[in-house]
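Chain by chain, the residues run as shown.
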Amino acid sequence: MDLLDRYLASIRQNLPAKRADDITAELREDLLDRVEAQETRLGRPLDEAETSALIKAFGHPLVIAGRYREHQYLIGPETFPFYLYTLRVAAVIMFAMLLFASAVPVLVAGGDPISGLLQGLGRTWGALITGFGVITFIFAIFERYGVSKKHVEAWKPAQLSVDPVSRGKWESPIEVGLNLLLLLCLVGIIPVSLAYSDYGIHIGPTAVWSAYYWPIVILVAGRLVHDLIQWLKPNWATPALVTGLGTALGGIWVVGMLSRNGPWVTATAVGADAAKATQTAGGVNMAIGIALTVALIAWGFGIAVTLYRYYQRHFVAGK
Amino acid sequence: MPVGDDLFDKLRVELRRGSLILAVLGALREERYGYTLRQTLEDAGLPIEEGALYPLLRRLESQGLLTSEWREDAKRNKRFYKLSPVGETLLTQLLGEWDEISASILRLTERN
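Residue numbers (this note's numbering), protein chains in the order written: chain A, 1073 to 1391; chain B, 281 to 392.
Looking at chain B on its own, in the form it has when it is part of the complex (with noise of 0.2 angstroms):
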C-alpha cells in the first residue's frame, strides 16, 4: 500500500474519533443497548473502535449526559441507553458547534 494511503487512514482515524461522542450522543435520541448503537454506528458510516463504545458511554452517563437502566429484551438482560435532558440540551449545542465547524471548513478549503 502506498505510503500516502496510510497517511490518509491514519487521518482519517483521528477525523472521525473527534466526532464519535456527538455521534453516540445524536444516535441515542432514541433509546439503544451497546449491540445495537454500535451497528447504527456502522451503519452510517462511523464504525467505532472494538470495545471503545462501553466506556465511552459509562463516561458520558458519570458526566450526566445519558440514562441507564437494565431491561430484559429477548430473553436476555441488556442495559439501554438513552440522552438525559442535559445530554440533550449539549447535544444541541454542540451540533450548533459542528454547524460552524463545518461552515468555517469550507470557507478555509474554497478554492477562488
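Here chain A stands alone, though its shape is the one from the complex (with noise of 0.2 angstroms):
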C-alpha cells in the first residue's frame, strides 16, 4: 500500500461510516490532482520526499477527518464561560471538604498535622481530577444539546444579586460543600466511622447521638437548603429568611439539648491503663462541651446576621 493509500486509509477510519467511501474517493481525487500538477511542473514523477511533504501540506488524518464531524467542540465558546466557572467552584469545594474532612482526624485523635495534611492533599488531587471528569463529562453533553445557549436566551437581568458584594465569593459555594459533606456522611452515602482507636484505647460515641440522629439530619439538611438558596437566588430574601432562622433556632434547640445531654463520647481501654482512657475522653468529652457552647453562639449570631441582612434588604437599601 503507497503512502497515499496509506493517508487516505487513517483518514477513513476517522469518518462517519455512512459517508467514508464518498468522502475517502473525493479526496483521493483532489490528492491526485495535486500530485499530477506537481509532476508536470517537475517534468517527472514525485518521489516518497515529496509525495509525503504533499501529504503533510494537506494536513494531520485526524484533524482532516474531525472537519466532517456535525459537532466540531467538546465544550464550545459558548459554553466554556459556565464550565470554567463550575470548574472553579467544584476545585474549591472540593478543597474545602478535604481539608476539612483530613483535618478532623488530626484534630479529634492527634498525630502529626504536617503528613495529615499531605494525606489529604494526595487524596484532593485524586478527587479533582475525578470530579473534573464528571465536570467535563456533563458539559459536553450541554454542548451537545446546546443547554447553554437555551439557557444564556432565558437569562433576565433582574434575575442578578441585589447585593452581590456583601458575600464573599467562595462563601456559598464552602458552606454548601461543607453542609453536603456532612449530610452525606450522616445518612451513610459517605461512610464514616465515629468510633476511634488508637495506643490501646477505643473512643465511641454515646447514645445521645442516636437519640438526636434524626433531628441533627434534618437541621443539616434544612441549613443545606438554605446556603443554595442564598448561592444561586440570592434574590429570594423572604425563602433565605425563613430558611435562615428556621435552621438557626433549630440548631440552638438542638446544640441545647445535646449540651445538656453529655457526656458525648466514652474511651474504653483495650490492652492500655484505664486512668489514661478515662482522661482522654475527659479532654474529648470538653473539647466536645467547648465546641457546643461556640456553636450555640454561632447560631445566636447567625439569627443576629440573618435578621440584620433582611433589615438592610428591605427597610435601608433604596433610601
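No wet-lab data here; the hints were simulated from the structure. Certain hints may be false.
[Said to hold, decoys possible] In silico negatives: residues of chain B with every beta carbon more than 10 angstroms from chain A:
#1 G284
#2 L375
#3 I381
[As the list claims (entries may be wrong)] Some but not every residue of chain B turned toward chain A, in silico, with C-beta under 10 angstroms:
#4 R312
#5 G314
#6 Y334
Where is the CB? At the ideal position from N, CA and C, for every residue including glycine.
Bring the two chains, given one by one in their own frames, into a single complex with the hints.
Right under this line is the structure:
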C-alpha cells in the first residue's frame, strides 16, 4: 500500500461510517490532481519525500477527518464560560471538603498535622481529577444539546443579585460543600466511623447522638437548602430569611439539648491504662462541650446576622 | 519578523475566513470540482486552508445551498459542485449584506 493509500486509510478510519467511502474518494481525486500538477511542473514523478511533503501540507488525518464531524467542539465558546466557572467552584468546594475531612482526625485523635495535611492533599488531587472528569462529561452533553445557549436566551437581568458584594465569592460554595459533605456522612452515603481506636484506647459516641440523629439530619438538610438559596437565588430574600431563622432556631434547640445530655463520648482501655482512657474521654468531652457552646453562640449570632441582612435589604436599601 | 506583522497576518486570516463562504458560493455559480475551485479561489486572492474546502462544500450541500454529482472527467471520477436555486437566492442576499458591511466600514473609517 503506497503512502497516499495509507494516508487516505488513516483519514477513513475516523470518518462518519455512512459517508466514509464518498469522502475518501473525493479526497483521493484531489490529492491525485495535486500530485499530477506537481509532476507536470517538475517534468517527472514525485519521489517519496515530495509525496510526503504534499500529504503533510494537506493535513493530519485526524484534523481532516474531524472537520467532517457535525460537532466541532467538546465544549464550545458559548458553553466554556459556564464550564470554567463550575470547575473553579468545584475545585474550591472539593479542596475545602477534603482539607476539612483530613483535619478532623488530626484534631480529634492527634497525630502529625503535616502528614495529615499531605495525605489530605493526595486525596484531593485524585478527587479533583475525578470531579473535573465528571464535570467535563456533563458539559460535553450540555454542548451537544445546546443547553448553555438556551440558558443565555432565558436569562433575565432582573435575576442578578441585589447585593452581589455583601458575601465573599467563595463563601456560599464552601458552605454548600461542607454541609453537603456532612449530610452525606450522616445518611451513610460517605461511610464514616464515629469510633476511633489507637494507642490501646477505643473512643466511641454515647447514645445521645442516636437520640438526636434525625433532628441533626433535618437541621443539616435545612441548612443546605438555606445555603443553596443564598448561593443560587440571592434575591429570594423571604425564603432565605425563613430557612435561615428556622435552621438557626433548630440549631440552637439541637445544640442546647446535646449540651444538656453529655457526656458525648466514652473511652475504654484495650490493653492500655484505664486511667489514661478516662483522661482521654474527659479531654474529648471537654472539647466537644466547648464546641457545642461555640455552636450555640454561632447560631445566635447567625440569627442576628440573618435579621440584620433582611432589615438592610428591605428597610434601608434604596433610601 | 516584527510583532506587528505577526498580528497583521493573524487578523488578516480572521478577516478572510469570514468571507470564505461568500467566495465559495460566488465561485460555484459556475460548476466546478474541488481542485479547480481551490485554484479559482487562490487566483482570486483568497487561498483556502488545505483540507478545509471539502468539509465546507459538504456542509453547504447539507444546508441545501449546493448540489453535487460524480462525473467522469479526463478519465477520472470527480465530484462536481454547483449552486442550487436556494443557494442562488442566499448568495444574492449575502452579496447585499456584504455591500452594506463594506459601506459601513467605509463610513466608519473615513477621515474627515
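Status of each hint after checking the structure:
At the 10 angstroms boundary, the C-beta of G284 (chain B) stays outside the reach of chain A, the nearest C-beta of that chain being 27 angstroms off. With a least CB separation of 26 angstroms from chain A, L375 (chain B) remains clear of the 10 angstroms interface cut-off, as annotated. Look at I381 (chain B): its CB is around 22 angstroms from the nearest CB on chain A, clear of 10 angstroms, so calling it non-interface holds up. A distance limit of 10 angstroms between C-beta atoms decides the matter here; for R312 (chain B) the minimum to chain A is near 12 angstroms, and the interface restraint is violated.
At about 5 angstroms, the closest approach between the beta carbon of G314 (chain B) and any beta carbon in chain A falls short of 10 angstroms, and the interface hint on this residue holds. For Y334 (chain B), the interface hint holds, the least distance from its beta-carbon to any beta-carbon of chain A being 6 angstroms, beneath 10 angstroms.
In this structure, only the earlier hint numbered 4 is contradicted, and the remaining ones agree with it.
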